[in-house]
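Trainee: Residue strings, one per chain:
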Amino acid sequence: MGLAARHLEASGIPTVIMGCAKDIVEHCGVPRFVWSDFPLGNSAGRPFDVESQTRTLELALRLLETAAAPRTTVASPLRWTADAAWKHKYLDVGKLSPEDIAERRKEFEVVKAVAKAKREGT
Amino acid sequence: MSAGSTPEAATPGIQFAPEDDVAIRYMDRTREYYEALGFSPYRWAHFTDAPFTPLRIPLAKARVALITTAAPFQPEAGDQGPRAPYNAAAKFYQVYSAPVDSKPDLRISHVGYDRANTVPEDLDAYVPLARLQEAAAAGRIGGVGPRFHGAPTNRSHRVTVETDAPELLRRCREDGADVAVLVPS
Numbered sequence: 001m002g003l004a005a006r007h008l009e010a011s012g013i014p015t016v017i018m019g020c021a022k023d024i025v026e027h028c029g030v031p032r033f034v035w036s037d038f039p040l041g042n043s044a045g046r047p048f049d050v051e052s053q054t055r056t057l058e059l060a061l062r063l064l065e066t067a068a069a070p071r072t073t074v075a076s077p078l079r080w081t082a083d084a085a086w087k088h089k090y091l092d093v094g095k096l097s098p099e100d101i102a103e104r105r106k107e108f109e110v111v112k113a114v115a116k117a118k119r120e121g122t
Numbered sequence: 001m002s003a004g005s006t007p008e009a010a011t012p013g014i015q016f017a018p019e020d021d022v023a024i025r026y027m028d029r030t031r032e033y034y035e036a037l038g039f040s041p042y043r044w045a046h047f048t049d050a051p052f053t054p055l056r057i058p059l060a061k062a063r064v065a066l067i068t069t070a071a072p073f074q075p076e077a078g079d080q081g082p083r084a085p086y087n088a089a090a091k092f093y094q095v096y097s098a099p100v101d102s103k104p105d106l107r108i109s110h111v112g113y114d115r116a117n118t119v120p121e122d123l124d125a126y127v128p129l130a131r132l133q134e135a136a137a138a139g140r141i142g143g144v145g146p147r148f149h150g151a152p153t154n155r156s157h158r159v160t161v162e163t164d165a166p167e168l169l170r171r172c173r174e175d176g177a178d179v180a181v182l183v184p185s
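The listed protein sequences correspond, in order, to chains A and B. Under the working numbering, think of the first position of the first sequence as 1, with each following residue one higher. Under the working numbering, think of the first position of the second sequence as 1, with each following residue one higher.
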């Protein structure tokens, strides 16, 4: 998404990205970015919470209007939960047994093969 | 703070947030995970600068393009429900566009969202189409483009840069878009 935003921006269309993966988006280097400190999959706000979604979009619109320079990130003040316990659960490799790892490896080989077949069939 | 002192001792009465309450380091986490599984590391796109085009018209007059990485539901592609495991068969490899006038059925089973912490049952949490339409109705933006656009989550940076990004630009221009809101899922 970062690469697409860069291309549109360089071609004269102002862009804003709404996302959750702060390090990945900023590593790419994008013109404007609204960061929600939410689990990946909730770039546009909290599920079934219109107010959260409206506030998140408004941050993006305000950023389009006010950014003074590229690579401007605005951090949404919204919290997923009061504490940070959820942040330790994503891809927690420390919790996997050798059997889990072997199983996940097999699954990922399948996923890669399926993706490749679909890509080549497109 | 002097050497050897603790933050607590140095700042009586100030309650800092816990040290671990920071942005998740997804690149490190992903790298460690796939290394543990025995796969070679992915290289994320990286630039130290970025282009910039200032907004030249009021947003109230601007037509907004919406770009998503969500995928249209594909009946033949297996489980794409909110609790589906990662489903590579539901991926797509070409830019697609669909009209904004009816609520689209868009899923994210084809990407690595945070399955440990969230269940994507509400489209509006990953595709802000309804909220954009409300913003248009309220006069906050001039309007939403006639179509939204789907960007493939292609692991090939070359394809993204040489094929997909120019195609998205072409379609945004065709739609008369003045600005674009891009929402990865």
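These are computed hints drawn from the structure, not numbers from a lab. Please note: incorrect hints may appear among the correct ones.
[Said to hold, decoys possible] Covered stretches of chain B, as calculated for chain A (at least 3 residues, CB under 8 Å):
#1 48-56
#2 59-73
#3 86-96
#4 117-129
#5 140-153
[Said to hold, decoys possible] FRET-style restraints, in silico, Cβ to Cβ:
#6 ASP28(B) - THR73(A): 29 to 37 Å
#7 TYR96(B) - ALA102(A): 15 to 23 Å
#8 PRO54(B) - ARG105(A): 30 to 38 Å
#9 GLU109(A) - PRO75(B): 25 to 33 Å
#10 PRO98(A) - PRO146(B): 39 to 47 Å
#11 GLY12(A) - PHE39(B): 25 to 33 Å
#12 LYS112(A) - VAL161(B): 31 to 39 Å
#13 ALA69(A) - VAL161(B): 35 to 43 Å
#14 PRO54(B) - ALA85(A): 17 to 25 Å
#15 ARG29(B) - LYS112(A): 45 to 53 Å
#16 ARG25(B) - ARG105(A): 21 to 29 Å
Here the structure is a predicted model, which means the values were calculated and not measured. Cβ atoms here follow ideal geometry from the backbone N, Cα and C, with glycine treated the same way.
Trainee: For each hint, tell me whether it holds in the structure or not.
Mentor: Now the hints, each set against the structure:
| no. | hint | in the structure |
| --- | --- | --- |
| 1 | 48-56 | holds (count 8) |
| 2 | 59-73 | holds (count 4) |
| 3 | 86-96 | holds (count 7) |
| 4 | 117-129 | holds (count 11) |
| 5 | 140-153 | holds (count 3) |
| 6 | ASP28(B) - THR73(A): 29 to 37 Å | violated (19 Å) |
| 7 | TYR96(B) - ALA102(A): 15 to 23 Å | violated (37 Å) |
| 8 | PRO54(B) - ARG105(A): 30 to 38 Å | violated (48 Å) |
| 9 | GLU109(A) - PRO75(B): 25 to 33 Å | holds (26 Å) |
| 10 | PRO98(A) - PRO146(B): 39 to 47 Å | violated (53 Å) |
| 11 | GLY12(A) - PHE39(B): 25 to 33 Å | violated (39 Å) |
| 12 | LYS112(A) - VAL161(B): 31 to 39 Å | violated (22 Å) |
| 13 | ALA69(A) - VAL161(B): 35 to 43 Å | violated (23 Å) |
| 14 | PRO54(B) - ALA85(A): 17 to 25 Å | violated (41 Å) |
| 15 | ARG29(B) - LYS112(A): 45 to 53 Å | violated (19 Å) |
| 16 | ARG25(B) - ARG105(A): 21 to 29 Å | holds (23 Å) |
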